[in-house]
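S.K.: What follows is the residue order along each chain.
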Amino acid sequence: MRDERIARDARAAQYVALDVPGTFSVRLPLGIWTARDGEFSVLFQEWGDRTRRLAHLPIGEPLSCIGPLGNQFSAPSEGQRATIVAGGLGVAAFWLLARDLKAARAHTTIVLGARSKLSIVGRDELAALGFDIDICTDDGSEGFHGSVVDRVRSRPPSDVLYGCGPPGMLRALCRYANEAGVECQISMEENFGCSLGTCWGCVVPVRRGCPQGTGYPKAPREIRDYDFARVCADGTVFRASDVLWLH
Amino acid sequence: MRDERIARDARAAQYVALDVPGTFSVRLPLGIWTARDGEFSVLFQEWGDRTRRLAHLPIGEPLSCIGPLGNQFSAPSEGQRATIVAGGLGVAAFWLLARDLKAARAHTTIVLGARSKLSIVGRDELAALGFDIDICTDDGSEGFHGSVVDRVRSRPPSDVLYGCGPPGMLRALCRYANEAGVECQISMEENFGCSLGTCWGCVVPVRRGCPQGTGYPKAPREIRDYDFARVCADGTVFRASDVLWLH
Amino acid sequence: MAALSTSSALDMSVRIGSALLKNPIIAASGCYNRGAEYSRVTDISQYGAITLKSVTRQPRLGNEMPRTMSTPAGMLNAIGLQGPGIEYFLKADAPALAHVPTAVIASVAGFTVEEFAYVAERMDGIPNVVALELDVSCPNVDREGECFAAQPSSIAAVVAAVKKRARLPVIAKLMPNVSDLKPIAKAAQEAGADALSLINAVRGIAIDVKNALPLLANVTGGLTGPAIRPIAVHAVWEVASAVTIPLIGMGGIETGRDALEFLFAGAGAVAIGTANFRRPDVHMEVLAGIVAEMRGRGCERVTSLTGLANPRFAGSRSVEAAVARPKTHLEGAHE
Amino acid sequence: MAALSTSSALDMSVRIGSALLKNPIIAASGCYNRGAEYSRVTDISQYGAITLKSVTRQPRLGNEMPRTMSTPAGMLNAIGLQGPGIEYFLKADAPALAHVPTAVIASVAGFTVEEFAYVAERMDGIPNVVALELDVSCPNVDREGECFAAQPSSIAAVVAAVKKRARLPVIAKLMPNVSDLKPIAKAAQEAGADALSLINAVRGIAIDVKNALPLLANVTGGLTGPAIRPIAVHAVWEVASAVTIPLIGMGGIETGRDALEFLFAGAGAVAIGTANFRRPDVHMEVLAGIVAEMRGRGCERVTSLTGLANPRFAGSRSVEAAVARPKTHLEGAHE
Ligand SMILES: Cc1cc2nc3c(=O)[nH]c(=O)nc-3n(C[C@H](O)[C@H](O)[C@H](O)COP(=O)(O)OP(=O)(O)OC[C@H]3O[C@@H](n4cnc5c(N)ncnc54)[C@H](O)[C@@H]3O)c2cc1C
Ligand SMILES: Cc1cc2nc3c(=O)[nH]c(=O)nc-3n(C[C@H](O)[C@H](O)[C@H](O)COP(=O)(O)OP(=O)(O)OC[C@H]3O[C@@H](n4cnc5c(N)ncnc54)[C@H](O)[C@@H]3O)c2cc1C
Ligand SMILES: Cc1cc2nc3c(=O)[nH]c(=O)nc-3n(C[C@H](O)[C@H](O)[C@H](O)COP(=O)(O)O)c2cc1C
Ligand SMILES: Cc1cc2nc3c(=O)[nH]c(=O)nc-3n(C[C@H](O)[C@H](O)[C@H](O)COP(=O)(O)O)c2cc1C
Ligand code: FES
Ligand code: FES
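Chain order of the listed sequences is H, U, Z and B.
Everything in the first sequence is counted per my numbering, starting at 1106 for the first residue and increasing by one.
Everything in the second sequence is counted per my numbering, starting at 1106 for the first residue and increasing by one.
Everything in the third sequence is counted per my numbering, starting at 21 for the first residue and increasing by one.
Everything in the fourth sequence is counted per my numbering, starting at 21 for the first residue and increasing by one.
Only chain H is shown next, with the shape it has when bound in the complex (with noise of 0.2 Å):
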């Protein structure tokens, strides 16, 4: 997609809200993958309604783009190794942060897992960017057969992970790396309403005090004891210490 603004402003897991036509529908969010050019592209597969209906679109038909939208994943301190760490579709936060990195010289690794082999996307991309890929398959079919995170726990530590991908891996990463007292910054997925921090469509539970939650008062009544951060503006980036996993 060509947008001069978007390509240059975006940053790490920062993502784009699409007003696909036809029919009424929210925006759809989709990260922003890579950028260069006065171009920006992103991933994606058909889900349901809108992304059906943005997969058939003519070429070249021009669509109202929001974005760059939320926050970014922070740069890891002087000398400190990096972790990336992709499931499946979640790649789709990592190529502006590799980028980054390689420009920072940043120690890097990239733990990239999918189903299978057929289906890991956005590996030529990052390669393309000079980096080795560890890939991870659930089915053994190519590369370490297990999850991304199995994987990087039979690595050696790093000093900084960065996750994003479907929940239940993101959750294991979390766990992994508050009890290994590893820094850890995930971009999360939820759905998305306003995707503008209006609508309070898309929050996640952070612990009280969070700098991304909502900060007010617990009711007097109230039994849970954390607050609610929007994922669409407050992140989508938390810190793995922040996040509670409910469920």
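Please note that the accuracy of each hint is not assured.
[Stated by the list, open to error] Simulated crosslink set (DMTMM-like; lysine to aspartate or glutamate; CA at most 20 Å straight-line):
1) H:K1222 - H:D1255
2) U:K1323 - Z:E305
3) H:K1207 - H:D1114
4) U:K1323 - Z:E320
5) B:K230 - Z:E320
6) B:K202 - B:D162
7) H:K1323 - H:E1284
8) Z:K184 - Z:D113
9) B:K230 - Z:E305
10) U:K1222 - U:E1247
11) Z:K230 - U:E1247
12) Z:K230 - U:E1327
13) Z:K230 - U:E1295
14) Z:K206 - B:E166
These are calculated hints, taken from the structure and not from any lab test.
Since chain H is already given, all that's left is putting chains U, Z and B with the ligands on it; use the hints.
M.R.: Using the frame of chain H, we list chains U, Z and B with the ligands on its own:
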């Protein structure tokens, strides 16, 4: 559009019911314009949601299409002079009729009307069949300055009139034909639900006894003394002498 | 568990009172006429049943045009119960029902309790007709135009009167325009209804802005199609906790997935209306979708899908079905 | 007539009780937070007013996730009134409202009559706030969970209590899940409401078929967006014949044409909710559409469009407007 069966079977004034891809809508009825060599065409304008979506479909996109549907114009008896009276996109009903009349060597006149010179459609295709087209425009920008019905009145009488166009035009044509005692067949339009005759959403009032009407008895307290016929399945072609114009 | 039944035949049959349907997919009233039109373009025998257009005591011309209008993901209609009346129906239409290649549910509409009872009684003995559905959403002449389905007492009066005179199982069809469907559903069950259909169309109006006039001649119409599906699933969910008789869920079903929403919410069967107008093969696609789900879950009887997502489901699945109900799917249900 | 006003300035202002809005386009409650987010992507000053997210007495965390879901031509939400509570709102949020570049309507929600009255009273004197909207669609704690807006008596109790203690004009917001909105609207008017908003979201449920669970953590959600537009226009049409106070119509407005449906049905103003989530410029497009219609009709005051299609419209247009009402547009209205 390519469909061997529809292109072969289509008769004058028949239509197709298209399933426009995307979010739900009932099928879109469109008249069959030209039909030859395994292909047929339609003429349409972007009225609303379905026609807009249809216009923006990628070329080559497969479409589910039911048809040909509806009854058809009956041919004139030998030696009768026929006049085709088309208003705007109503011309869509007439390529097949013109082709048949040509083949039957019937003496045929075509009166084609539009708002103005720029909105005339269908002229070239009909001319290519070898007809002279008598153009009328509401604003006088080409041909006769006035409505097609005014034009028909001003011409030598025909034995049979075939009409298709906006309701106001059809109504005026029917009134003229009934007063002048000329046989007249019109192809009508209504909002369709099912396009197949099941929903009773597309009825027109016809005189009791019209073979196209429902034929069931009049209710005791019913003050309306007419019958209804379904445009989609009993029509779209009705005799001017059968149709009642209530408004 | 997934391997349990992949090779064995599935039992798709469902019961509506004494009627046994070969599968739970029904054509909704008013959208299928008497089936003949759709026979030209699809295999209607794959419907478990088709419901006829509602029949009244007297012939009715119905409303003036326009009667239908497209709306976002739906349509608005106000046909006005055009129809031949029961006498002419019995003479001209009923005999042909013998040729419908599946079960038939006759729909009855009326403006007084007596009209319902009279028409229902006359429907007795028509070949192929296995049940009666009462379209109690028409305005009640005796009660200042309020619909029968708006009050527990009036729906009970209609159902009780019909049950006294009709021999076929009776389905009462509820409408969504009430604050709480539960007492209405309970009243219908207590009055003897063998099943409930829900929902009828939702009241709506569209305005022709160009002419500053209502788009439908009748002003108010009924909104149907996918737009109303969440409203209809909500209705089934609510009623499923209040009654034990089978529910026929409808409103915006287009795919197997949509139908499963209704089954999981608590419906024993589903009906398809407006979606026939888009895809005449829709019932086969819906059936295939349900079959695929059953194979995926390894369940052999379609009845075992009923109420799976609804922890308050009060109805009984058929005895044979109970074993197949995977308890795990209830875990984590939010109440 | 078309030439009458093409060169003169149009009067787009509308009155809601004592509040004068510069135009009749309002951002709906819950869809605009406090305006700040949308200021980044559009010109919010072109809204006649923005309505804040409903504020309760106590802070509320709201429902668990998932809270929203896409549905055909709409969305389902169950946020659960997450919010800071009135104290924290007054401290942390209210001062910033001075910078909102248009009028602000504060929305109040509560679970008892006293809560409504208390929060409404505390809203007094906030800069820029010109009216109070009462979100009476939350379950009534004192009456076994029935919503205040479900019964004439309970909505009247809330409105009367608020009117006694609040100085700002009061708008009661009605919900569509009732059999007849007219008595409820009348009760609100009689209790002193200065205007009515309609409609709030329609109750709906969606099921996650893969996991056989409700898709929303709260099970039931509110259906909004174009899918419900005919339901909302119907509500305005009905209520417009029952009360004389101004109506704010909402539900699925995406374009000027959609807004005109509501105005012609009897609304004096319109609100836009879900459509902001698609196109943040939607209010400007809607405003432009209304202006074009006024120029086309040659009418100078937007108030003269109200009720044009509704022969039973009972409200009064502003005096100046009456002359501009083209009587011919009523001809042919079907009753
Ligand atoms: C910040 C952000 C960034 C995102 N980036 C990407 C991206 O780069 N690429 C991409 O493909 N998607 C991405 N998503 C996810 C995408 O926005 C959703 O999948 C979206 O719901 C799809 O819309 P839809 O209308 O096509 O399907 P919907 O109608 O919303 O969903 C259809 C069905 O698929 C299921 N479903 C939807 N999304 C998922 C999912 N992610 N995992 C499992 N089941 C799902 C739903 O539960 C539903 O049953 C992102 C989401 C967020 C919030
Ligand atoms: C048998 C039959 C044959 C037809 N053949 C053709 C054809 O060959 N070419 C063609 O363009 N159309 C034809 N139509 C008309 C076409 O089906 C309708 O215009 C259809 O409603 C457009 O669908 P839509 O969803 O795009 O617009 P809708 O959403 O249905 O309508 C959008 C707006 O346009 C108005 N509108 C729609 N149609 C018309 C109309 N015909 N005249 C004036 N205002 C209208 C509506 O009132 C509404 O305000 C035919 C209709 C029938 C019944
Ligand atoms: C054109 C049309 C006519 C209908 N006529 C009737 C009717 O006569 N009796 C009845 O009980 N329901 C009638 N209905 C309602 C349907 O049976 C069904 O309840 C409703 O359409 C919801 O299902 P759907 O969204 O799948 O269409 C009609 C619906 C449509 C669209
Ligand atoms: C995400 C969301 C949150 C909402 N929150 C509130 C609320 O707090 N108070 C309220 O009165 N209405 C609330 N509403 C209802 C809207 O104000 C409006 O009545 C409804 O959405 C219909 O309009 P629409 O179709 O334009 O969205 C909410 C709607 C949405 C979509
Ligand atoms: S999607 Fe609306 S607040 Fe995040
Ligand atoms: S469109 Fe359904 S009967 Fe004609």
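S.K.: Does each hint hold? Answer for all of them.
M.R.: We went through each hint and held it up to the structure:
no., hint, in the structure
1, H:K1222 - H:D1255, "holds (17 Å)"
2, U:K1323 - Z:E305, "violated (41 Å)"
3, H:K1207 - H:D1114, "holds (18 Å)"
4, U:K1323 - Z:E320, "violated (51 Å)"
5, B:K230 - Z:E320, "holds (18 Å)"
6, B:K202 - B:D162, "violated (24 Å)"
7, H:K1323 - H:E1284, "violated (28 Å)"
8, Z:K184 - Z:D113, "violated (25 Å)"
9, B:K230 - Z:E305, "holds (18 Å)"
10, U:K1222 - U:E1247, "holds (5 Å)"
11, Z:K230 - U:E1247, "violated (28 Å)"
12, Z:K230 - U:E1327, "violated (32 Å)"
13, Z:K230 - U:E1295, "holds (17 Å)"
14, Z:K206 - B:E166, "holds (18 Å)"
The structure is inconsistent with the numbered hints 2, 4, 6, 7, 8, 11 and 12, although it conforms to all the rest.
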